[in-house]
Each structure stands twice: as C-alpha cells, then as structure tokens.
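Go by the hints and put chain B onto chain A.
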Amino acid sequence: MAGIDLEVMDGEFFSMLGPSGSGKTTTLRMIAGFELPTAGRILLHGEDVSHRPPFERDVNTVFQDYALFPHMTVGQNVGYGLMIRKVPRQELDLRVGEALDMVRLSGYEQRKPSQLSGGQRQRVALARALVNRPRVLLLDEPLGALDLKLREEMQIELKAIQQEVGITFIYVTHDQEEALTMSDRLAVFNQGRLEQIGAPADVYERPITRFVAGFVGISNLLTGDAARSIIGQEGTFTVRPEKIHLAAPDAPVGEDEITASGRIREVVYVGPDTRYIVLLDAGSELVVTQQNLATSSTDVLAARGNAVRLVWKRQHVLPIKDGSRTEES
Amino acid sequence: MTIGRGTRLALTVAAAAILAFVYLPIALIVVYAFNSGTTPSWPPVGFTLHWFEEAIRNTGLQQAFLTSMAAALAATIIALVLGTLASLAVSRYRFFGRDAISLIVIFPIALPGIVTGMALSSTFSQVGIPLGFLTIIIGHATFCIVLVYNNAIARLRQTSATFEEASADLGADSWTTFRYITFPNLRSALLAGALLAFALSFDEVIVTIFTAGGVKTLPIWIFQSFRLANQVPVVNVAGLFAILLSVIPVYVATRITSSTGVAGSRV
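First to last, the protein sequences are chains A and B.
Residue numbering for the first sequence follows the working numbering, beginning at 6 and increasing consecutively.
Residue numbering for the second sequence follows the working numbering, beginning at 955 and increasing consecutively.
This is chain B alone, in the form it adopts within the complex:
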C-alpha cells in the first residue's frame, strides 16, 4: 500500500501529537521533581534536590513506600506459588474442568478493578477479616496470579512434556523432575511474570482503596497528598519513585522474555 505525501505528513503529525499528549505530562512530573520553585509552573525556576531530601524525611511517604514494597513483594510471592502450580496443572494434566480453570485464573485481570474491590471489601467484612495490610495483599494477589500464570503456561506450551516423561522414566519422582527439569526451564518465564506482577501491584489504586482500611500505599498517599498545595513538589518526587518502580520491572521483564525467545530456540 502506498501513502500520499500529504497523508503521510498528517499521520506523522497526529502520531506525534498523541505521543506528546501521553508523555509530556509524565515528563513534567519528572522535571518538577527537580524544580526549585514551590509551585509547578513553567518555565522551571532552577535545579534542586531539596524535594528529594524532603521526600525522604517525610514519614508518611516513607511509611507508604515501605507498605507498597512489602505488599507488592508478598502479592508476588503468592502469585508465583499459585500461578506456577495452576500452570503446571493445566498444561501437564488432564482433569475435569481444565479449560474452565484457565479461564477462571485469567478472569480477574479482565474484571473491572472497582468490581473486584467492592466484592473483596464486602466479603472481607462479612467473613470478619479487618481491612488492612493483609487484605491489600490478598486483593493484589488475585490479579498478580494471572501474570505469572500466563508467562509460565506460554513457556510450558513451548516445551514438550516428553522431557518430564524422560525424567520420570530415568527414575525421578514428580518433585525431583520439577527441580531438575521443569523449573530450570521455567525459571526465566517465572522471573518475568514476577516482575510484571510486582509492577502491577506496586501502583494499583482501585482495589487498594477498597481493601486498604486505614493503611496507605504509595499510590494512595500520592492521591491524598496531591490536593495539598504545600505537598505538591514532594508528591512529584513520590510520583517519580512510582514511575521508576513500575517501569523498570516491566522493562526488565520484557528483556527477559524476548531474550529467552532466542534462548528457547537454542534449546
């Protein structure tokens, strides 16, 4: 298909405008985090690391950051265990309801967060589990499992089950086979899934609002502090943290999966 010169120009301008619309506000947050003025205004007044100092000293922000880290780690670990087990069951065994399980595991990521949040919140209160750190972890784990599961099952589909049969044939029981054959082959896929799960959990807001009780995660702290004018520069710094802790794991995960695509064919 050929595109006329005018059309091509128009498309380029439109694409640039869309990208600018998406990325400029994010770039601004980064710029204002280093801006010495107390209000976000263009052009920046000067360069400073003062807001970083203030952000690090801010106990509320500290607490929120640590809470988010801990919750994301815990949710990731739960997702790793359950996601791996589910992927092994679905890919290596036949049983009643196998296809349904696959759908059920993936479903939470498609479900609106607000519905998940509502449902979890009312369930927790009916069962009598007080909202707080624990309920945040459970809430996040529901959708973190999907990322581990999807990565693991894609890898398991690529590799033949004969490896596991060969291992059993040579005298290894199920656990030994998992340890020496299945897991080494699954490792990078699980790492990628875990990084994505961590990133997703770290910046999650909606489900967190419903399940947090009084506990503040970093996104909730940002959301609440954003409206206080004197906090704005510190919020920008917090925003920068949130960006880094979400973008870096996703970037690393993408690198792992794309490089193992090559490593997989080397197999």
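The shape of chain A in the complex, shown without the other chains:
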C-alpha cells in the first residue's frame, strides 16, 4: 500500500474498485480498525482515529462472509451492537424490529442464521450494521457470494437503503459494473496504489491510466505505429467500443471523425449487442460494440472476415498515461 489519499464525502456512496490484491480490502480494514497503517492518518469527521481500536470507531462493517454469530438468533445478532451499548431492552427490541423491516425480514427475530438463505443472511448482516446508525458503513464485497439475479436485486435495494438512511457507504468490489451502477464516486485501485477517483461516468469515459481503461470496461488501446498513423500523434490512446461505428470500407468520413480500416477477426454475439474484434491494417486491434437493433445473430455472425471501416468522433479519443499514476508523479 502506498500513497492512498482518499476523501469520502458525507452521505456518499463511495466504491473502491480493483482486482484482488489491489489494496481495496486492506484500505477498508484500516478504516474499520482491523489493521493499522504504518504511516499516514485516518480521519473520521475531522477526528484522528488512526490508532483507535475497532470498537471505538463510529463505523460498522458488513463482512464478505457476513460473520453472523452462529449461536445467536437473528434478533440477537441484529441487537448485538445495541446490547453492548446497553440500550434499554424496549428501545433495543424496537430498533431491531425497524432494522429488520428495512431489509424486509420482519418476524425473523427468532430464526438462527443457519436457517436462512444466502440472500437473507446478507440482509441480516446489513441490518446488524445499520441498526447502530454508524457514521460510515463499510461493505466488503457484500454481494460476492450471491448468484447473479439476486446480486442485481440487492444492488438496487442497497442503493435504495443507502439513500433512505443517508449514511456514508464505502463499498469494496471487484465488479466494475457494480461499482459503476451503484456509486456516487469510485476509486480504482491497482497493486496497492490509487489509479483514479471520480464519478462513474468520469472514470468510464475518461480513464487516465492504461490500467483503468482496461479494468473499467474493455481496453481499446492504440499505441506506437497504430497511434501515429490513425490519430496522427505519439502516445497511447483509448476509445470505448460503443463509440465506434462499423461502416462499409468506402464510407465517407466527416471532418471531426477519425477512421481506421481493418478486417473483422471475430464476432461475439451477446444478445442485446454484438462485439466485433477488428484487426486494423495499421497493426492493432479494436473492439467495437454494436446494438442488435435490426440484425439477427445469423446476420452478425456472417460478418466475420469482412473488410470494414471504423469511424468515431475525435472527441472520443482519450490520451492515457502509461503505467501507474503515482509512478509518474
């Protein structure tokens, strides 16, 4: 971990995105207090909590494996933090009930965690953390163990709950789509370094490093000779696959457009759209995504091997830095 400088706004849904081993979970564990930073500070609402133990920090965590206490009921699990704080019995029961309501598990107080499904356990873990009304809620890949359908449902629900309670969420994930759909802002981590911070659209549309371009979305890079002949400049450039149009080899090209000719090497049909992998005459490869508005799978698959012209607007070409951000500065 090196030079992580992060500021999370009050009430924000903030994601930390990166591959495993990139330092996102370690950062989260430092905020929670399970790990101590060797250097640097962690401030919570202006207060230095760097060396406080986890039980003296006003943050709560939803763990990846949920960590529900197996010998306690759902009600006891959710009420654990309140019991520790010696909240009176009546208020405790009331708040546990409210928290379970919020995650749509009313009446589950007496169940044991072993009697719940994965999705339900996830909700209990969320209720157990939120019932304490922390300043910040930390979520460590909370949807990682759920199947795709349930995960998509929970993404929407989590976001709704976050807006309802207004608590700052810091969300760790390796799923770029999850980070893009849920976050107000996100930070991309790689090898213990912070690559880029910004709103989802910023990070997706304007990746500033090669890593971000590849990790958040499909990496469409033009370097060296290809960059020189197509863009007319030295450097590394990226263009998002949905910004590129497939056109006939002799199609006209506008003033503000960039073009490259090539041949379709591979066609990947993915239902709503199709991915074309195009080998450029200039020696590089670009991925082009086209919506299947009027085409069928047989049409698109027949395009394999065809000569094509790729056209995209000049404004969609982005110069990116090679290597990592911190190495250069």
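Bear in mind the hints are in silico, worked out from the structure with no lab data behind them.
The model shown is predicted, which means the values in this text are computed figures rather than measured ones.
Idealized CB from N, CA, C, for every residue including glycine.
Keep in mind that a hint or two might mislead.
[As the list claims (entries may be wrong)] With a Cα cut of at most 20 Å, we get these calculated SDA-like pairs of lysine to any residue:
| id | chain 1 | residue 1 | chain 2 | residue 2 |
| --- | --- | --- | --- | --- |
| 1 | A | LYS318 | A | THR294 |
| 2 | A | LYS117 | B | LEU1140 |
| 3 | A | LYS91 | B | TRP1129 |
| 4 | A | LYS91 | B | LEU1140 |
| 5 | A | LYS91 | B | THR1077 |
[Stated by the list, open to error] Residues from chain A that keep clear of chain B, each with C-beta distances beyond 10 Å, as calculated:
| id | residue |
| --- | --- |
| 6 | ARG46 |
| 7 | PRO58 |
| 8 | VAL64 |
| 9 | ASP70 |
| 10 | LYS154 |
| 11 | ARG156 |
| 12 | GLY171 |
| 13 | LEU226 |
| 14 | ALA231 |
| 15 | LYS248 |
| 16 | ARG270 |
| 17 | VAL273 |
| 18 | GLY288 |
| 19 | THR294 |
| 20 | ALA307 |
[What the hints assert, rightly or not] A few chain B residues that don't get close to chain A, going by computed Cβ distances all over 10 Å:
| id | residue |
| --- | --- |
| 21 | PHE1006 |
| 22 | GLU1008 |
| 23 | ARG1011 |
| 24 | PRO1084 |
| 25 | LEU1124 |
| 26 | ILE1135 |
| 27 | ARG1209 |
Below, chain B without anything else, positioned relative to chain A:
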C-alpha cells in the same frame, strides 16, 4: 484388498488374544472387588459388598482418594486458565515466537514422566518449595495444560476470526467479545479438555512419586498397599474407583467432542 479365509481366521484369533490380554486382567480386578474370598483366586468364592464397606472405612484410602480428587480438580483449573489463554494467543494473534510457544506447550506430554518428575523435584528443592500437595498440583498442571490447549486450539482453528472482528466492529471490547462470542463457541471444547485433564491427573503415578513428598494420592496408596496381602481385596476396590474416575471422564469427553463435531457443522 482381499484376505484369504485362513488369514482372516488367524487375524481374528490374534486380535481376540490381544484384546483378552489387555482387558482380562482389568476385568479380574472388577470381579475380585466383589469376591467374598480373602485372596484373589479363581473361581470366585461368592459375591460380597464387604470390601466396599471396608474400603470406605479405610482412612488411608479415604485420605488418598480425597487428595487425588482435590489435586486433579486444582490441576484442571490451572490447565483451563492457562491452556485457554495460550490457545487464544497462538490462534488469534501474531507475535515473535508464536510457533515455538505451540511446541513448548505440547512438549510436556511427549516428555517422559520420569524426566519431568526428576526435573520438578530438584527444582522444587532448590527453590525451597517443600514437596507436598501444592507440588503435586503444579506437576500435574504441566501436562494437563496440553489437553485443554489442544482441544481449544482445534476449535479455534475451525471457527473464523471474523466473528471476533465483527464483535469488535459492533462495539465490543476484547473481554466482552470473549464473553459473548469466543467463549460460547469454545465451551464444549474446554469441557472436553478439562475432563481429559482431570482423568490424566487422577491416575498419574510417575510425576506424583517425585513431587508428592509424604502425601499419598490414590494411585500411590494403591501402589504401596498392593504388596500387603491382607489389603488386596480393598486395593481391588480402590482400583475399581480409579478405573471409573478415569474412564468416565474420557468417555464423556469423547462424546462431547464427537457430538460437537456435528454441532460445529450446524453452525
């Protein structure tokens, strides 16, 4: 692998012979405890509870029995406290010499009792602690710790440390976390370890000989009375006590650990 009929027969006979060799002498002690004859001879003359009466009235035996009970209890309590603390330290914290500690704690059970006894005895006399009840307890505690430690650490390895992190995250300090999370999860393993420790301490002879001074535990009383011909029937009864107080705790401990194996997966 298939075994021929002859081989199978030979193996069965050998196994039966070995089991008989191990268990018949023990069965004989039980039988003679109820035998109305004054000398152990086959076949038993008749059934009597007279020797039990005599054993209960025998003040030397009474004293030895109580000493053994008290020493085993005390050694078990020491083992519980130290064994639990050591297992928590080794399984939940990283520190210099962690792997060495694990080995050091387990070592006394592998060490020959006679060496432990010698070493303790000479240490006690050099430090100036008079041999007696206290030194028996200390001697027994050295190897009783292992049983508690091993049971506790096996359980702690099975359960994720995230439970303790979750508890701390929800505002519980270390002691509160131990009370509500770690201990309930550890309870049955500690009980099993304690029962085994008790059984081991109750019938221990070698270390006891070196550390007892003049104090007699039940095994030492049996050892000394065994040679007196007129005491033999009472010794058989004492032997029966010793068997029961060792076998029952071990049996219960095995049941606890095997049933929590299932309970552990229910978690």
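Inset, instruction - Could you tell me which of the hints above the structure violates, numbers in ascending order? - result: Result: hints 4, 5, 7, 8, 9, 25, 26 break, sorted rising.
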